[in-house]
Amino acid sequence: MTKIIVDGKEVDVPAEYTLLQACEEAGAEIPRFCFHERLSIAGNCRMCLVELKGAPKPVASCAWSVKDCRPGPNGELPSVVTKSPTVKKARNGVMEFLLINHPLDCPICDQGGECDLQDQAMAFGVDNSRYAENKRAVEDKYIGPLVRTSMNRCIHCTRCVRFTAEVAGTADMGAIGRGEDMEITTYLETAMSSELQGNVADLCPVGALLPKPYAFKARPWELGKTESIDVMDALGSAIRVDVRGREVMRILPRVNEAVNEEWISDKTRQVVDGLQRQRLDRPYIRKDGRLVPATWSEAFAAIATRVKATTPARIGAIAGDLASVEDMFALKSLLGNLCSANIDCRQDGTKLHPANGRGSYIFNPSVAGIEEADAILIVGSNPRKESPVLNARILKRWRMGGVDIGLVGERADLTYSYQYLGAGAETLTELGNGKGFAEVLIKAQRPMVIVGQGALLREDGAAVLAACAKLAGAREGWNGLAVLHTAAARVGGLDLGFVPAQGGMDAWAMTRPGALDVIFNLGADELEIAPGAFVVYQGTHGDRGAHRADVILPGATYTEKSGLYVNTEGRVQYAERANFAPGDAREDWAILRALSEVVGAKLAFDSLADLRKALYAAHPHFARIDAIEPGSINIANAGALGTGAFTSAVDDFYLTNPIARASAVMAECSALAKGRLQQAAE
Amino acid sequence: MSVRRLAEEQPASFEFTPENLAWANAQIAKYPEGRQASAVIPLLWQAQKQHNYWLPKPAIEKVADMLDMPFIRVLEIATFYTMFNLEPVGRFFIQMCGTTPCMLRGSDEIKAVLARRVGEQKMVSADGNFAWLEVECLGACCNAPMVQINDDYYEDLTAENFEKLLDDLAGGRPVHVGSQMGRRSSEPAGKLTTLTSFYGDDGRSGPASDKTQA
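Protein sequences, first through last, are from chains A and B. Letter by letter, the first sequence follows residues 772 to 1453 of this note's numbering. Letter by letter, the second sequence follows residues 470 to 683 of this note's numbering.
Certain hints may be false.
Stated by the list, open to error - Only some residues are given here: those of chain B computed to face chain A with a beta carbon under 7 Å:
#: 1; residue: 537
#: 2; residue: 540
#: 3; residue: 544
#: 4; residue: 548
Said to hold, decoys possible - Derived CB-CB ranges, DEER-like:
#: 5; chain 1: B; residue 1: 591; chain 2: A; residue 2: 988; range: 37 to 47 Å
#: 6; chain 1: A; residue 1: 988; chain 2: B; residue 2: 491; range: 40 to 50 Å
#: 7; chain 1: B; residue 1: 537; chain 2: A; residue 2: 1207; range: 23 to 33 Å
#: 8; chain 1: A; residue 1: 1451; chain 2: B; residue 2: 591; range: 28 to 38 Å
#: 9; chain 1: B; residue 1: 666; chain 2: A; residue 2: 843; range: 39 to 49 Å
#: 10; chain 1: B; residue 1: 537; chain 2: A; residue 2: 824; range: 40 to 50 Å
Keep in mind that the hints were calculated from the coordinates and are not lab data. As the structure is a prediction and not an experimental result, all values here were calculated from the model. Note that CB positions come from ideal geometry on N, CA and C, so glycine has one too.
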């Protein structure tokens, strides 16, 4: 720790802090454009000038370390002044320079109202201009379907360039030309290739890079802002849902150091239009092969007739990837009241099971723990597709150096380099003998084995899991087995025990022809249900599940209900309701509660609060929001490893769930990504 | 300075000649493993020399692939340095110095010749031989005015000898590099005007002139 005086106030900060951080620590506000905590230091905007005693002129505080400050002639502590007339004049001057070429189009700029330049010009600028010359004109660039450019406004802070190179790892953007002719662009205006590209619009301190789908849609002060949790992948990124009226206008990241830092994937951000399109806004009943609109009571009556005519053993329930813990708890209770053992939340057929202990199905080392790992083995996963933000964390670890990364599975561009060990189960068997990369893992202090669903969906999934747990080994205070889920609902479902009870069927068995007579499908769209069974589909979008349904009950999406989600780490997170479901659609727990009464298996709660009380009583760890309940691993009867290559569980990153498949923006991104793949293959 | 873009018409491909490839690999070998990107400027420069003094898109991509760099990183460098020509510059690319010493010694005449014979700046002449650009000081002020044509300096120019020089170049005849009036490097143009005698010989300087010593 080093002492330094800021505006007469002594603070004690780590020596590697920059002056800017030290000033923040002392409570002095420093304006900045190019500096960003999570990016490298560029020092090119000059907005953060402060006066350093002994320095001949103001210094850029973002690029000056505390440890670089020299003491005074008599050994006085280094002293920084942030409020002197010199500093004010310096900031005025810098602001004036920045505004020479910045257009005065705030009234038609989407950034207006949440613009760093606007705010700082108000706070630190002067109120008039001395420049009568023409402003510089710059061509707008095409950089992809998600980010709109208005390059006249660019102030060349290069945050976007540093982000794509350092965090996204794709080096898509750059600054061509020099001096006044410098322009920010991608290579010959190709679309950016990162799954995190939307973040550059957040980083842009001015209105040069803006979210394209949100262009001219709303002003920030019209929006209601709700803090929520993302369900597009199993990471559970912290998001803020901005709503105007009933419509979600945009989704932005929130800072959560433990999970997503401050990034979110493009699917998380731009799935917004999917929340509006193809929505199920009223119940439907299949009559003569066609789905016809119905009222709630008609739909319930149709279900009740079928359920009452069926024995419990012929009734089953499957929960999908986006269901909240409350929804699944209600459905599980309903099936329990109906005395059926056929429940499953694993529509993809993963071999994870709560009987193996909680540690066997969560990302034990935690996402933040990736930064501590010194050897990482990725098995049957493409983290870039399955959870781009988590992949950015691995890239961050890789950039720090001193980590060995190995991959078993499909070769892919993960944005960092890795040792390719082999394609599938055979390689895992070899590693089990303690040779090659296994030695690296054994020697490592903090080894980490990331297992993707691609490796766990197979027949020998349990054996793969056991092999990975063995490779991860055991360290004091460190559990290296990291199961990477692809579905936001999965860990919550496994925590609830939403798996077949004694003698029950799993999802695969339930969907076979003639297996069941009635199936409750809670938003499971990724599996095919064989003809024959009477399917009650409770979901939000007219997707695969709805096409197969005999009765459709319109539910609420994740922004339209208050619910708990458990991310891949096993972290319980609370998502607040941001808007209301369209038309007759209702919150899912309420639908199940109402249905339970009609089918004669009444659930014992009348409100969400009652439901949660029952939930917490049965599973106390759900009450501990934002905490991770550690778990043990006891995998029994794993069986033997088979053969064959692992494939990633996610084929198309942009189209993994019904909401994303309803989104036109995601469809465009998907098409572009496919085109890139083909080009690369040629 | 102005906005620099890649040329609209681009060749389909670019490959280094075997000699240049060997040269490029020698450049890359100068840098430690993982730091090959340091060789980007020499490689671009060699590519430009090989490709009629301008840098086409395939060459930029070729160099990026050789150095394991993203394309945009190489494009940044190619557009940053004005020594990389992004458009065709004819067989002979003339960089004419118009800075003060050359201007005082008559570079305006040279400029007029270029404007008449070649045309506008940065445009290749109709016969495909020449393109020209006014540049800042090239550091041969003592032999002003001067131009640089491709890799060589041509100095002590007048409208007449410059026209002849252009004719000879266009006609493929041998030309004399350096001073066009025959002086060697930057020796005085006429006779010596300074250092005409040895130190002290004239009685006005040196120990002999110091009366107090005598």
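Evaluation of the provided hints:
Hint status for residue 537/B relative to chain A: violated, with the closest Cβ pair at about 10 Å, above 7 Å. Interface restraint check for residue 540/B: the shortest CB-CB distance to chain A comes to about 4 Å, inside 7 Å, so the restraint holds. Hint status for residue 544/B: holds, given a least beta-carbon distance of 6 Å to chain A, under 7 Å. For residue 548/B, the shortest C-beta to C-beta distance to chain A is roughly 4 Å, which falls under 7 Å, so the interface hint holds.
Between residue 591/B and residue 988/A the C-beta distance comes to about 43 Å, which sits within the given range of 37 to 47 Å. Checking the proposed 40 to 50 Å range against residue 988/A and residue 491/B shows it is violated: the Cβ atoms sit about 58 Å from each other. Distance hint check: the CB atoms of residue 537/B and residue 1207/A are about 26 Å apart, consistent with the given range 23 to 33 Å. Between residue 1451/A and residue 591/B the beta carbon distance is about 36 Å. The supplied range of 28 to 38 Å therefore holds.
A hinted range of 39 to 49 Å is violated for the C-beta pair residue 666/B and residue 843/A, which are about 60 Å apart. Distance hint check for residue 537/B and residue 824/A: the Cβ-Cβ separation is about 46 Å, which falls inside the suggested range of 40 to 50 Å.
Checked against the numbered hints listed earlier, the structure breaks hints 1, 6 and 9; every other hint is satisfied.
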